[in-house]
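Undergrad: Model the full structure from these sequences, guided by the hints.
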Amino acid sequence: MIPLATKAGPAPSPFSPEQQKRFDAGLEKAVAKYPRERRKAALIAALHLVQDELGWLPEPAMAYVGDLLEVPPVRVREVATFYTMYRLRPVGRHHIGVCNSISCWAMGSTSVLRRCEEKLGIRPGETTRDGQFSLEEVACLAACGGAPALLVNNFTYLEKVTAESLDQLLADLGSQPGKQMAPAGAGSTETER
Amino acid sequence: MSGPRILTAAWDEPESWSLARYRASGGYKSLPKALGMQPQQIVDEVVKANLRGRGGAGFPTGMKWNFVRKETSFPKYLVVNADEGEPGTFKDREILLRSPHMFLEGLIIGCYAVECHLTYVYCRGEFRQSAMQRLQSAVDEAYAEGFLGKNILGSGFDLEAHCVFGAGAYICGEETAMLESLEGRKGYPRLKPPFPANAGGGLFKQPTAVNNVETLANIPAIVEMGGEAFDKIGLVPKNGGTRLYAVSGHVKKPGVYEAPMGISFRKLLDDYCGGMRAGSTLKAIIPGGASSAILTAEEADWASDFDTLKAKKTMAGSGAVVYFDQSVNMAQALANIMRFFAHESCGQCTPCREGTAWLSRLLDKIVAGKGEKQDVDNVHQIARQMEMKTICALADGAAMPAKSYIDKFRADFDALVRG
Numbered sequence: 021m022i023p024l025a026t027k028a029g030p031a032p033s034p035f036s037p038e039q040q041k042r043f044d045a046g047l048e049k050a051v052a053k054y055p056r057e058r059r060k061a062a063l064i065a066a067l068h069l070v071q072d073e074l075g076w077l078p079e080p081a082m083a084y085v086g087d088l089l090e091v092p093p094v095r096v097r098e099v100a101t102f103y104t105m106y107r108l109r110p111v112g113r114h115h116i117g118v119c120n121s122i123s124c125w126a127m128g129s130t131s132v133l134r135r136c137e138e139k140l141g142i143r144p145g146e147t148t149r150d151g152q153f154s155l156e157e158v159a160c161l162a163a164c165g166g167a168p169a170l171l172v173n174n175f176t177y178l179e180k181v182t183a184e185s186l187d188q189l190l191a192d193l194g195s196q197p198g199k200q201m202a203p204a205g206a207g208s209t210e211t212e213r
Numbered sequence: 081m082s083g084p085r086i087l088t089a090a091w092d093e094p095e096s097w098s099l100a101r102y103r104a105s106g107g108y109k110s111l112p113k114a115l116g117m118q119p120q121q122i123v124d125e126v127v128k129a130n131l132r133g134r135g136g137a138g139f140p141t142g143m144k145w146n147f148v149r150k151e152t153s154f155p156k157y158l159v160v161n162a163d164e165g166e167p168g169t170f171k172d173r174e175i176l177l178r179s180p181h182m183f184l185e186g187l188i189i190g191c192y193a194v195e196c197h198l199t200y201v202y203c204r205g206e207f208r209q210s211a212m213q214r215l216q217s218a219v220d221e222a223y224a225e226g227f228l229g230k231n232i233l234g235s236g237f238d239l240e241a242h243c244v245f246g247a248g249a250y251i252c253g254e255e256t257a258m259l260e261s262l263e264g265r266k267g268y269p270r271l272k273p274p275f276p277a278n279a280g281g282g283l284f285k286q287p288t289a290v291n292n293v294e295t296l297a298n299i300p301a302i303v304e305m306g307g308e309a310f311d312k313i314g315l316v317p318k319n320g321g322t323r324l325y326a327v328s329g330h331v332k333k334p335g336v337y338e339a340p341m342g343i344s345f346r347k348l349l350d351d352y353c354g355g356m357r358a359g360s361t362l363k364a365i366i367p368g369g370a371s372s373a374i375l376t377a378e379e380a381d382w383a384s385d386f387d388t389l390k391a392k393k394t395m396a397g398s399g400a401v402v403y404f405d406q407s408v409n410m411a412q413a414l415a416n417i418m419r420f421f422a423h424e425s426c427g428q429c430t431p432c433r434e435g436t437a438w439l440s441r442l443l444d445k446i447v448a449g450k451g452e453k454q455d456v457d458n459v460h461q462i463a464r465q466m467e468m469k470t471i472c473a474l475a476d477g478a479a480m481p482a483k484s485y486i487d488k489f490r491a492d493f494d495a496l497v498r499g
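As they're listed, the protein sequences go chains A and B.
Taking the numbering used here, the leading residue of the first sequence gets 21, the next gets one more, and so forth.
Taking the numbering used here, the leading residue of the second sequence gets 81, the next gets one more, and so forth.
Quick caveat, the hints were computed from the structure, so don't treat them as lab data.
All figures in this text were calculated on a predicted structure; none of them were measured in a lab.
The reader is advised that the hints may include incorrect statements.
DSS-like, lysine-lysine: derived pairs with alpha carbons at most 27 Å apart [unchecked claim]: (1) B/453 to B/488; (2) B/285 to A/49; (3) B/312 to B/390; (4) B/230 to A/49; (5) B/312 to B/113; (6) A/53 to A/41; (7) B/488 to A/53; (8) B/312 to B/392; (9) A/53 to B/285; (10) B/450 to B/488; (11) A/199 to A/139; (12) B/272 to B/318; (13) B/332 to A/180; (14) B/392 to B/128; (15) A/180 to B/333; (16) A/60 to B/230; (17) B/109 to A/60; (18) A/180 to B/347; (19) B/347 to B/312; (20) B/150 to B/272; (21) B/285 to A/60; (22) A/41 to A/199; (23) B/109 to B/312; (24) A/199 to A/49; (25) B/230 to B/109.
TA: Next comes the structure, spelled out in structure tokens:
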């Protein structure tokens, strides 16, 4: 999906007051890491902060960040589409990333993925109908000694995954509220291509 | 397990990551010593130590630091590559989790040596709430103790250190792609020269030393014992110290093991990893990450240092060793690896973008049982055409396994194809 028709220039904030407070604090810290004239460099951190709040990167939020850091919309989009951790559409409230790289593959990641598919009733790249889970294959997580490995909700590692530990994980997450996703479409000028 | 342990000596202790524990085991003693030396003296010791970059290329660290020192343009930067992502590699994560202060002490000394006052640790985004959180706590502690900040330990040396995150891209482990990402852009590798160490090529176009986490974690030991003593630990000339071997695959005890640089793959397997898992016989070895050319079981006696493996047309790479048993068909293993490279090619150079995609499609066809003999030959030929034609080494890193898996395990491919 490639979002189209972003306008440069002032863009309204996509955040609630509570979210805004956290975002502003995070951005201030991220910008302070760089020399004063290099604040554009904080773009990658800024998009992480957006995703922390909204669960994904809606188009108006990208426009807002671009405006703040004085980065042209095309460059914000370039970055957002280049890196795999950024979500360009809402995903499930819990996200399961199954490592498919060589060590995990050798230790049975294919059956881990298959079990996820069966239990959740979705294929990689999809979200369950109730919005609780999304499933994805991910590249090497640097946890090869604990193969097969999973990444839960972008940042939490589960290693030496067995059928039992996987079932337990899915059962636990199934009963937890998880990350609230900002709705797709609201105030968005996105076009699917 | 036998042999000297520099990096992992305290790993078995409870809370090995804490400042108190690190100090109790002699930590932060090299820092005041280093700050009492001339920066050039430190670099001279690192040169004598024959410390080679542990990220993958094995470039002599002391030489790299001398390049940066020779530059007359200021400011200079030292940037740490903690974007661990080469399939099979998981040692920097362990360092950050288990001895972040050792790494940090090395980083501070390294910055003093190249006269850097602002340093960044670029870490893969997935580590944000685990390894990187632990490093951030260590950084905060170091500031509180006066190891970072203004006038460190009264030496007059100032250093600011920041942790920053990527967002999921293998290519950002390539040093110039990492610098692009650190500057807030997509990770397209830069055309070289100028190299990062030179003016015009580094972070914000300033001279920049880019070092791996493990490389820097060795610095306190070098300052403490001297370059010559460190060099002698290595088993092969010009390959000093120990190395963290990240072992995965069908071994009894996968994990990160510290062994003298240059240990043979047989010894690493038998003495450290408990041999192959029950009922397994060794079939093949990835010696240095997914980008390296494969070894057969008969080649397990090869030394694992940078120069030996280079001479044998493979590489020591990131120290990621994967042992495969007889259950693995090497055509299927290559198809897996190639899917990774096709996915991770940044798309900037045509031979890589198109080449990895073609190789992946052909190999998928082969493992699906729909291939012909000609397809195997085509994989080999396409791989040869990708070499030495691109801005960075990703294409070469895809071509090297493609050629070697076929050269050494042709029967595995032929078993899957017609004709």
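Undergrad: Compare the structure with each hint and give your call.
TA: Structure-based check of all given hints:
no. : hint           : in the structure
1   : B/453 to B/488 : 16 Å, holds
2   : B/285 to A/49  : 23 Å, holds
3   : B/312 to B/390 : 21 Å, holds
4   : B/230 to A/49  : 19 Å, holds
5   : B/312 to B/113 : 22 Å, holds
6   : A/53 to A/41   : 19 Å, holds
7   : B/488 to A/53  : 49 Å, violated
8   : B/312 to B/392 : 23 Å, holds
9   : A/53 to B/285  : 17 Å, holds
10  : B/450 to B/488 : 22 Å, holds
11  : A/199 to A/139 : 20 Å, holds
12  : B/272 to B/318 : 26 Å, holds
13  : B/332 to A/180 : 13 Å, holds
14  : B/392 to B/128 : 26 Å, holds
15  : A/180 to B/333 : 12 Å, holds
16  : A/60 to B/230  : 26 Å, holds
17  : B/109 to A/60  : 38 Å, violated
18  : A/180 to B/347 : 25 Å, holds
19  : B/347 to B/312 : 19 Å, holds
20  : B/150 to B/272 : 18 Å, holds
21  : B/285 to A/60  : 15 Å, holds
22  : A/41 to A/199  : 18 Å, holds
23  : B/109 to B/312 : 22 Å, holds
24  : A/199 to A/49  : 23 Å, holds
25  : B/230 to B/109 : 19 Å, holds
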